[in-house]
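Generate coordinates for the entire structure from the input sequences, incorporating the hints supplied.
Chain by chain, the residues run as shown.
2 protein chains.
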Amino acid sequence: MNKNPKIAVFGGGSWATAIVKMLCENLEQVGWYMRNQSAIDYIKENEHNPNYISSAEFNVNQLNLSSDINKMVKYADILIFAIPSAFVKAELDKIKVDLSSKIVFSAIKGIIPESGLIVGEHFNKKLNIPIENIGVITGPCHAEEVAMERLSYLTIACQDEAKAKILGDCISSNYIKTKISDDIIGTEYAAMLKNIYAIAAGIAHGLGYGDNFQSVLMSNSIREMKRFIKKIHKMKRNINNSAYLGDLLVTGYSIFSRNRMFGNMIGKGYTVKSAMMEMSMIAEGYYAAKSAYLLNEKNNVNTPIINAVYQILYENKNPKTVFKNLTELID
Amino acid sequence: MNKNPKIAVFGGGSWATAIVKMLCENLEQVGWYMRNQSAIDYIKENEHNPNYISSAEFNVNQLNLSSDINKMVKYADILIFAIPSAFVKAELDKIKVDLSSKIVFSAIKGIIPESGLIVGEHFNKKLNIPIENIGVITGPCHAEEVAMERLSYLTIACQDEAKAKILGDCISSNYIKTKISDDIIGTEYAAMLKNIYAIAAGIAHGLGYGDNFQSVLMSNSIREMKRFIKKIHKMKRNINNSAYLGDLLVTGYSIFSRNRMFGNMIGKGYTVKSAMMEMSMIAEGYYAAKSAYLLNEKNNVNTPIINAVYQILYENKNPKTVFKNLTELID
Chain A
189 MNKNPKIAVF GGGSWATAIV KMLCENLEQV GWYMRNQSAI DYIKENEHNP
239 NYISSAEFNV NQLNLSSDIN KMVKYADILI FAIPSAFVKA ELDKIKVDLS
289 SKIVFSAIKG IIPESGLIVG EHFNKKLNIP IENIGVITGP CHAEEVAMER
339 LSYLTIACQD EAKAKILGDC ISSNYIKTKI SDDIIGTEYA AMLKNIYAIA
389 AGIAHGLGYG DNFQSVLMSN SIREMKRFIK KIHKMKRNIN NSAYLGDLLV
439 TGYSIFSRNR MFGNMIGKGY TVKSAMMEMS MIAEGYYAAK SAYLLNEKNN
489 VNTPIINAVY QILYENKNPK TVFKNLTELI D
Chain B
189 MNKNPKIAVF GGGSWATAIV KMLCENLEQV GWYMRNQSAI DYIKENEHNP
239 NYISSAEFNV NQLNLSSDIN KMVKYADILI FAIPSAFVKA ELDKIKVDLS
289 SKIVFSAIKG IIPESGLIVG EHFNKKLNIP IENIGVITGP CHAEEVAMER
339 LSYLTIACQD EAKAKILGDC ISSNYIKTKI SDDIIGTEYA AMLKNIYAIA
389 AGIAHGLGYG DNFQSVLMSN SIREMKRFIK KIHKMKRNIN NSAYLGDLLV
439 TGYSIFSRNR MFGNMIGKGY TVKSAMMEMS MIAEGYYAAK SAYLLNEKNN
489 VNTPIINAVY QILYENKNPK TVFKNLTELI D
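So the sequences go chain by chain: A and B.
Numbers in the working numbering are just positions in the first sequence, counted from 1, shifted up by 188.
Numbers in the working numbering are just positions in the second sequence, counted from 1, shifted up by 188.
Simulated from the structure, these hints should not be mistaken for lab results.
These numbers come from a predicted model, not from an experiment.
Watch out, some of these pointers could steer you wrong.
Copies of one chain are not kept apart here, so a pair can be met inside one copy or by any two copies together.
As the list claims (entries may be wrong) - Lysine-lysine pairs mimicking DSS-like chemistry, simulated, CA-CA at most 27 Å apart:
id : residue 1 : residue 2
1  : Lys284    : Lys419
2  : Lys262    : Lys313
3  : Lys424    : Lys277
4  : Lys353    : Lys512
This is the structure in structure tokens:
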């Protein structure tokens with residue numbers, strides 16, 4: 189592969205915007221697809237995204253912006269997808285260009301509802317992209333802090349570590365450090381599951397549980413995550429590495445976490461519907477809770493926290509009662 | 189051992205006060221030693237500790253208060269020590285009563301400076317208390333939240349688990365859940381080390397690092413803690429259990445943590461001396477950093493975070509420079 193590859197980011201949200209910013213530190217040209225043409229027009233005129241982390245400023249001459257996904261796929265050697273998992277399928281369905289020679293990285297934290305697969309698996313099984321051309325970009329990293337250029341560590345996973353290394357070099361800068369991993373399955377599941385645990389943390393907070401309980405909840409969450417991922421893809425991994433534990437913590441503890449915020453509203457008594465209406469962003473964990481719960485019906489791993497979140501979000505159970513029960517199931 | 193043992197708490201600080209409160213939920217009489225007679229007089233009159241978690245109210249008829257440590261040692265079958273590690277030796281030196289038949293629990297998070305031993309080891313090696321009569325009470329648990337009766341999980345460790353169980357039953361209540369462990373060495377070291385990592389988290393915050401970095405720091409801290417403890421006492425333990433990871437998180441992330449606050453002041457530019465003067469409570473991690481660093485000189489475990497805190501607190505190195513260097517040593 190070319191050491192100076194053409195890279196394009198697909199998505200118009202916070203995380204997509206943050207990744208474009210990282211790439212602009214190193215590349216002369218960065219492709220950026222978003223479906224919203226008016227946002228593109230706004231960026232061209234005002235040099236920042238109108239809707240997400242708008243304090244991140246761009247030199248528009250570096251940006252190759254387009255709302256034509258096929259044009260962007262054609263342009264790029266490396267495609268980075270950062271679209272909410274619920275909308276990925278609809279976007280992928282638009283693609284008519286052959287993807288088999290492309291390198292595709294997922295920066296999406298979730299399961300594609302239509303296929304029940306994580307994004308990497310979906311690319312491999314549904315779009316026939318060879319597994320060695322599929323990778324994952326994962327945190328711990330709130331996009332908001334990338335905008336502020338606060339030091340962040342990303343993990344780039346790919347079974348072909350040379351490809352991970354190339355992308356890592358393209359996004360490293362004085363405020364981004366990158367680490368390479370070969371665990372594409374585990375890092376992607378971790379990125380999905382942590383959003384469920386962040387919702388749980390938010391619910392607990394909303395119900396009035398304190399810091400002592402939160403720490404127990406997070407300690408149980410990482411053990412649950414380890415069991416869940418081990419069942420799906422057993423390999424040697426240190427679950428306490430930044431891509432797993434760090435990602436859980438930044439989401440579970442940070443005020444920037446929309447999943448935690450969503451959970452907090454649920455805990456305070458909002459209905460799921462009203463909490464979703466109040467928030468202008470999508471809480472990925474809402475979809476992840478369902479996907480993980482359904483997936484686990486056959487895997488049968490002990491997942492009391494995922495079960496609790498599922499019961500509250502999808503079975504209309506009372507958060508207070510569910511959490512009272514949960515406190516007996518964790519330690 | 190008697191199933192209804194006489195229990196006394198030694199210490200007048202937040203954590204001692206919280207443990208007395210927990211015991212009062214179950215016992216008719218709780219012994220409480222503190223050296224400050226005027227605080228005892230105040231409690232008898234006002235039904236709360238004047239200096240620490242003063243919102244915790246007591247029925248003084250339940251309390252057997254005394255500033256005579258020998259009287260209290262004589263009274264009790266189970267002694268719970270919750271005195272800052274720097275002052276333990278001076279208090280223990282006052283004891284003339286034979287301790288060999290007593291059961292002694294440590295609720296202290298630190299190393300006794302004079303002996304360089306954690307409290308359990310000190311009891312065993314210096315006071316000849318049999319190892320099966322020594323135990324540890326550990327969090328994650330901020331005393332402030334016990335005062336508010338917020339649900340908290342404690343771990344009670346003793347090689348003789350029956351003894352841990354008895355004490356566990358005495359402190360369990362509708363807001364305290366207890367878990368039994370046989371890892372007295374590991375839980376006690378974890379309780380000590382977490383304060384150093386909380387200082388590191390505070391320094392990072394004070395220097396302007398954000399949530400993304402904090403999560404990486406915590407993820408590295410738990411791995412460092414695991415290495416450190418494994419070297420000292422190798423046994424099967426899950427470092428992600430609440431007594432280890434939970435305790436680290438509650439201290440590293442909570443606004444109630446005085447160690448984090450102390451670190452924050454250092455990061456913001458206070459000298460060690462002025463930060464200590466500003467705070468009315470002792471940051472245990474200050475002493476722990478020195479003890480852990482010295483201990484590790486012979487163990488030679490890779491501990492970049494402990495080293496960084498030590499350099500700042502004891503070698504007068506610039507926090508900004510030390511942390512800039514630390515960012516290269518963690519991932």
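Hints and how they fare:
1. Taking the closest pair of Cα atoms, lysine 284 and lysine 419 never come within 27 Å of each other, the shortest separation being 35 Å inside a single copy and 57 Å across copies.
2. When the C-alpha separation of lysine 262 and lysine 313 is checked against a cutoff of 27 Å, the pair qualifies only within one copy, where the shortest distance is 21 Å, while the shortest distance between copies is 72 Å.
3. Taking CA atoms no more than 27 Å apart as the test, lysine 424 paired with lysine 277 passes in neither setting, with 31 Å inside one copy and 45 Å between copies.
4. Taking the shortest Cα distances, lysine 353 and lysine 512 sit within 27 Å of each other only across copies (23 Å), while inside one copy they are farther apart (46 Å).
Of the numbered hints given earlier, the model fails hints 1 and 3; all others are met.
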